[in-house]
Structures are given as C-alpha cells and as structure tokens.
Amino acid sequence: MNSITLAAVHRHTARDAVLPGLRLALGFTLVWLGLIVVVPLTGLVAKAAQLNAAGIAGVFGDPRTLAAFRLSFGGAAAAALIDVPLGLLLAWALTRYRFPGHRLVDALIDLPFALPTAVAGIALTTLYVDDGWIGGLLAPLGIHLAFTPAGVVVALTFVGLPFIVRTVQPVLADLDRDAEEVALTLGAQPLDILRRVLVPPITPALLTGVALAFARGVGEYGSVIFIAGNRPAVSEIVPLLIVARLEQFDYPAAAVLGTGMLLLSLLMLLALNALQRGAGSERRPAHAA
Amino acid sequence: MQPERSIGEGRLARAALIGAAVLVAGVMLLLPLLVVFVEAVAKGLPYLKDALTDPDAQAAIRLTLLVAAIVVPLNTVFGLAAAWCVSHYRFTGRRLLVTLIELPFSVSPVISGLIYVLMFGLQGWLGPWLAAHDIKIVFAIPGIVLATLFVTLPFVARQVTPLMHAQGMEQEEAALTLGAGGWQVFFRVSLPKVRWALLYGVLLCNARAMGEFGAVSVVSGHIRGLTNTMPLHIEILYNEYNLAAAFGMASLLAFMAIATIGVRMALEWRHRRSLQLGTEAVWVQSL
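Taken in sequence, the protein lines are chains A and B. No gaps in the numbering here: position 289 of the first sequence is 282 in the numbering used here, and each next residue is one more. No gaps in the numbering here: position 47 of the second sequence is 64 in the numbering used here, and each next residue is one more.
The set of hints was computed from the structure by calculation and includes no laboratory data. Treat the hints with care, as some may be off.
Derived list of chain A stretches under chain B, where covered just means 3 residues or more per stretch with a C-beta under 8 Å from a C-beta of chain B [as the list claims (entries may be wrong)]:
hint	region
1	24 to 31
2	47 to 57
3	66 to 76
4	236 to 245
Distance windows between CB atoms, simulated [what the hints assert, rightly or not]:
hint	chain 1	residue 1	chain 2	residue 2	range
5	A	Gln43	B	His239	54 to 64 Å
6	A	Ile136	B	Leu143	27 to 37 Å
7	A	Arg189	B	Leu40	41 to 51 Å
8	B	Arg79	A	Pro163	18 to 28 Å
9	A	Gly180	B	Gln184	22 to 32 Å
10	A	Gly51	B	Glu257	45 to 55 Å
A quick note: this is a predicted structure, and the numbers were derived from the prediction, not measured. Glycine residues also receive a C-beta, built at the ideal position from the N, C-alpha and C atoms.
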C-alpha cells in the first residue's frame, strides 16, 4: 500500500517536472530546417513544375538523360553488390579474429566516410590509370578501368564499402555462437551452418547496408567525376549532367533532373526506414527467444 | 589440437580469411590514402612548400577554414536542439521531423548546391530582387556557406540523439526537483552526459564542411583566390595536370580525415560500447 502511494507520488512529480525547453528547442529546429532544407527543396520542385508536361518529357526522353540515369543507378547497384562479399569478409575477419594490424584495418574502414570525395577521386584515378599502381598491373591484361563506365563502379565500390561493414559488424559481434557450436557438434557441414545459422540473422543488416551504399552511390559526385571520363551518354553520371545543364543556364532542365533524383532518393529513404523497422521487429523476438 | 568450436576456426581457413581481408583493406582503402602522400612529395618538399604557400592556395585554405568556422557552430547548436526535442519528447510529426533532419544525407551533393542556385541565382526565385539590391549570394561566399550548412546539417544530431534517448532524463528530472534552472540542467547535466558523442559529431561535421566538393562546386563559381575552397582548388590544379600541387593540397585534407578517424578510435578504445558512436548507418531505428 505504502509503496504504491509512493510510486504514484513519484510518477506524479515526474510528470509535473517535465523537462523544460521543448518550445525553444523545437522552435529553433523547425525554423532552421525550414530555412535550410524545406524552403530550398520546395523551390527546386516548384522550378521543375514550371516546365509543362512536354518539356519534362523532353528532358527524360533525351537519350543522354537516359544513359546518365542508367549509369548512375546501374553503377551504384553494381558497386553495392561487389561490396557485399568484400564487406562481409572484412566484417567477419574484424569480429572473429585478432591479428596484427587489426586496429589499422578497423580504422581504414571509416576512410571513405572521412576522406573528402575530391581527394578520393584524384587518388583513385591516379591508382587506376594505365601507368598507375593498380592500373599498371591490369593494363597488360587488357583491363582498362579509368575513364570508362567501369571507373564509376570502382569509385562507388570504394565509397560504399564501409556501409556494408559497419551495418553487419555489430550484428556479427552480437551473434550467439552457441548455435554454431551446437550445429558443429551435431555434425553439420560448415556450408550448412553458414546458410542456416549465420545468414538469417545477418540478412536484415546486410540489406540495410546495401541500400545505404546504393543510395549514397546514386548521388555521388566528387569521387566519380575524376575517374569516369565524363563522355556524354557514355560515362556521364546524373549529377554531372545536372552540372552541365546549369553551366548552359538551362535551369528548368537542371531542376527537372534534380527533382527526379530527389523523388527517387526519397523513395529509397522510405523503403530503407520500412526495411529497418521490419528488421527491428524481427530481431527483438529472436532475442527474447 | 583444438577441435573447431565454430566455423572458420580451422588454422587454414583462419589464415586464408585474415589474409584476404587484409589484402582487400590494403588494396581498396590503404592504397588510395598512400598514393595521396606519395604524389604530394613526388616533386620534393620544396615544391610542396611552394605549392601550399601559393597565394591562391592560401586563399583556398583560408576560405575553407572560414566556412567551417561559420557552419560547424551553427549546426552544432541545431544538432543539440534537434536531439533535445526528438529524444526527450513525444509529439505528432516526430518521425517526420527525424526524416527531415536526415534528408540531407540522402540528397546528392549536386542537388544540395542546385537548390540554392535555383533560389538565389540570377534566374532563381529571389534572383531579380537580389540583383536589384546588389546582393550576391550564389557564386559568392554566402552560397558556399548555405550549401555547406545543408550537407552537414545531420551530423551532430545523428551522433547525439541515440545517446540522449538511451540515457533518458531521470538525472535531469532529479536536478529540476532539486531546484536547478532549465539552462543549468542543460549545461551541468545533459551536455556532460553526451560530451563524447557531441565531440565526434562536431568532428564529423567539420570534416564534411572542409571536404565538401559537389554542393560547393555548384554554388561557388570557381573564382580563383575568391570563391575556391580547398577541394575546388584541388580540382583546378588536377585539371591543369599539376599533380604534385593537387596532391599537396589533398594531403592536408587527408591528414584531417586521419585525425577524425583517430579521435573516433581513441574514443571507442576508452569508452567501448557505452558510447554508441554511430557511423552513417541510419539511427531512426534506435528511437
């Protein structure tokens, strides 16, 4: 009885002494977001809407536009897929093994996040040109990556790698290793364990990582333009096409292209949130069980 | 011989997997970093010194530092305010607010610059009015600041919010009950609780502010000595085939990136998991 009253009193005071500052913090947040994000983005969409349907169709019907969208989305998808095995390997080695250079490798994973894109762009280009450290090894084999559409994939693979590693790593570290041991004791083959015990819990995180790497790759600019070659309709990404339209003072076309990309990235963001909510609700009961 | 406790623990498998991982990290991540420093000193240290003390290079460094000095404090205040309301209160539209805070991360850098050109450029919504009053925003420093504010907006909020949310507000409520004022609670209780996440968020915000290329490239107009930031100056030097100078400037930004990662490693080493430093993985999940 006594403790119930105390609890009730405590709850009461807790509710009364609600933290101050909501109005100030929320007010500032909304004004700042409005000025920096919402109004300028609305201006973009409004500018695109000034063009009539025929004008918009003209922009998207242009073969150069179509080629750019194919390269941006195709290149980002290819890079994200290449990053899957590489990222899984790195995440696995970092969580399961201790080896000399472990901390260096772990630190290097964050490099694509921290290194400015223009620096990454010129560094990758210098590595992959025909007389570069890596390009020099590939050129005798007839493989030329720099200044081709494949160069876009090279740059986006670099940019996307940490997304895979950093989303999978915590899940691998939290994984209950008893299940693996039990499966081994019961005579399961390593490949079966991989498929039945390891893959299911990692999959949601891996999908999130792939989606993040893909989303980042679609909009990427600085690390790509140096290595891509930038030939219209061949190795030109959408962001570069937008820049080209701006330089021709074709603001409406730039606005239409920008709005198209913006809508696509909004869709991806929504899909990602849904994916994460799904993954979150999936993981919790598994933990409880 | 130890029996295998879980897969990948055989001596051969172990060695092969570690070797492959080190090789991937070396080729994909270490080489791009190394090549920056090797190319920077390719023509010798005196040449590097001349390249970095060139007036245009000096102007670019000054402008980058100026932009970061304006942008980082503003977005730090914003990040703390946003984290405060998103993590301590429930209200309708909270999820939408979180999505909006995060939006700049999913927008292409080029679009982040484009929106300000369409707003303040000569053909933009406010262009004629600005021209009539002789105010220059795009192709001038204010445009660079605005574009940088946009791209760095989420960093502090993203680092601080999950931690603030996880820690709850019992200590704050206790302080309030004991008679502390609102600001006193914020500076004495709330801020110290999140100080390491805040520091890392500020560093990430700074790294992006100094390194941003796409957004700034669209709004800058590339006027040498006036509106060229360090990344833009790197592009110009590189396109002029002045590789040693381009990589010299790039090595300064690479040092900044290494320092940012170094602080992260040091913080994680000291605080292990309690810190919950996010990378760029989405943090909506933790709310």
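How the hints compare with the structure:
no., hint, in the structure
1, 24 to 31, "holds (count 5)"
2, 47 to 57, "violated (count 0)"
3, 66 to 76, "violated (count 0)"
4, 236 to 245, "holds (count 4)"
5, Gln43(A) to His239(B): 54 to 64 Å, "violated (27 Å)"
6, Ile136(A) to Leu143(B): 27 to 37 Å, "violated (50 Å)"
7, Arg189(A) to Leu40(B): 41 to 51 Å, "violated (29 Å)"
8, Arg79(B) to Pro163(A): 18 to 28 Å, "violated (41 Å)"
9, Gly180(A) to Gln184(B): 22 to 32 Å, "violated (47 Å)"
10, Gly51(A) to Glu257(B): 45 to 55 Å, "violated (36 Å)"
In the structure shown, a violation is registered for the earlier hints numbered 2, 3, 5, 6, 7, 8, 9, 10, in ascending order.
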